[in-house]
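Asker: We have chain S; now place chain V onto it with these hints.
Number of protein chains: 2
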Amino acid sequence: MRKLEERILEDGIVLPGDVLKVGAFLNQQVDTGLLADMAEEVFALFSGCGVTKILTIESSGLPFATAVAMRFGVPMTFAKKHASANMTDDVLSAEVFSYTHGKTFRIVVGSEYIRKNDCVLIADDFLANGNALKGLISIVESAGAKVAGAAVQIEKCYQGGGDAVRKTGIRVESLAAIASMDGGRIRFRD
Amino acid sequence: MRKLEERILEDGIVLPGDVLKVGAFLNQQVDTGLLADMAEEVFALFSGCGVTKILTIESSGLPFATAVAMRFGVPMTFAKKHASANMTDDVLSAEVFSYTHGKTFRIVVGSEYIRKNDCVLIADDFLANGNALKGLISIVESAGAKVAGAAVQIEKCYQGGGDAVRKTGIRVESLAAIASMDGGRIRFRD
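Residue numbers (my numbering), protein chains in the order written: chain S, 1 to 190; chain V, 1 to 190.
Please note that the accuracy of each hint is not assured.
A pair counts as met if it fits within one copy or between any two copies, since identical chains are not told apart.
[Claimed, not checked] Computed list of lysine to aspartate or glutamate pairs in EDC-like fashion (alpha-carbon distance at most 20 Å, straight line):
1) 21 to 58
2) 3 to 173
3) 21 to 89
4) 21 to 90
5) 103 to 40
6) 21 to 182
7) 81 to 112
8) 116 to 141
9) 116 to 31
10) 21 to 112
11) 167 to 31
12) 81 to 58
Treat the hints as calculated values from the structure; they're not laboratory data.
Next up, chain S with everything else stripped away, as it sits in the complex (with noise of 0.2 Å):
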């Protein structure tokens, strides 16, 4: 999506240990007209999927989730990075390590917010290792329910994370796809 990679271009910053700050517009600081934007993208490469939900992981993926699932007029639910109070024990759940903080994370959703008969399309911001995305996945196919796809707003091609989940049969879309931030110049897939 030109107007995505325009504006990782104009906006992003590139800091130490790989990572691509794009606080400004993006995660932190969430420029809306964009994000309708973004989510209109989205809703044109799944319309025909028969997506029933849209599936994040709190909380940078919430916003973009959020706008998408307006988009398609279904319900969002995320997962959390720990069980919490007011959570059931009846839980659908994935172990994700997460090379950020260096740890494993337990991820729940409450069991009765996928059901079987669900067909879900994952959102989230980022994919790179895709240890998150592989966890949403095996907590969609857990609960029996169909995977429409994947949808992110920025792919790290080169950590490989996107093409393995690929490799399985599993639709991926990024909407900037990032090949190389060699020397904190940003250059995308073609």
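Answerer: Showing chain V alone in chain S's frame:
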């Protein structure tokens, strides 16, 4: 907002420990039709106030804040509960005691996301003792910006946080105002 009150009576569950579970439609899973109606209501309440930005706190305030910000056509920004790796040291912060978690969090917003000339509407899912709201107000004021007010989805009036903030002269609007949940029965404030 009658539609939200009716939904709370229909699908909300009062759990021990004064917990109101609204996961089926408001936080763990979000009914995006109802969400759009709520954003419309907040727009009707605050549209003449010159709002330039919506501020919330992660995680469960994010869907509501996103929808409200999209309706106003302004950016949404959110406070994190602890500083993250790709946030620089230049931050606005406040200490917030959480009764739910029994500890004090440092909530943090990058200082570049709230500017002196901003007029900030705070949006959150729950308002009970008001600690989170007071922390967010303190962050806006420390940036030298104006607080347009606060819009919350559900206020537990009997915990007093909303009225305490109103007494300081800040406008607080709740879409559903719960007067009591004694014996598991939900009563709204007139």
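Asker: If a hint holds in the structure, say so; if it doesn't, say that too.
Answerer: A quick look at each hint next to the structure:
no., hint, in the structure
1, 21 to 58, "both (18 Å within a copy, 18 Å between copies)"
2, 3 to 173, "within (16 Å within a copy, 36 Å between copies)"
3, 21 to 89, "between (37 Å within a copy, 14 Å between copies)"
4, 21 to 90, "between (37 Å within a copy, 15 Å between copies)"
5, 103 to 40, "neither (35 Å within a copy, 41 Å between copies)"
6, 21 to 182, "within (15 Å within a copy, 47 Å between copies)"
7, 81 to 112, "within (17 Å within a copy, 28 Å between copies)"
8, 116 to 141, "within (9 Å within a copy, 48 Å between copies)"
9, 116 to 31, "between (35 Å within a copy, 19 Å between copies)"
10, 21 to 112, "between (35 Å within a copy, 13 Å between copies)"
11, 167 to 31, "neither (33 Å within a copy, 33 Å between copies)"
12, 81 to 58, "both (7 Å within a copy, 13 Å between copies)"
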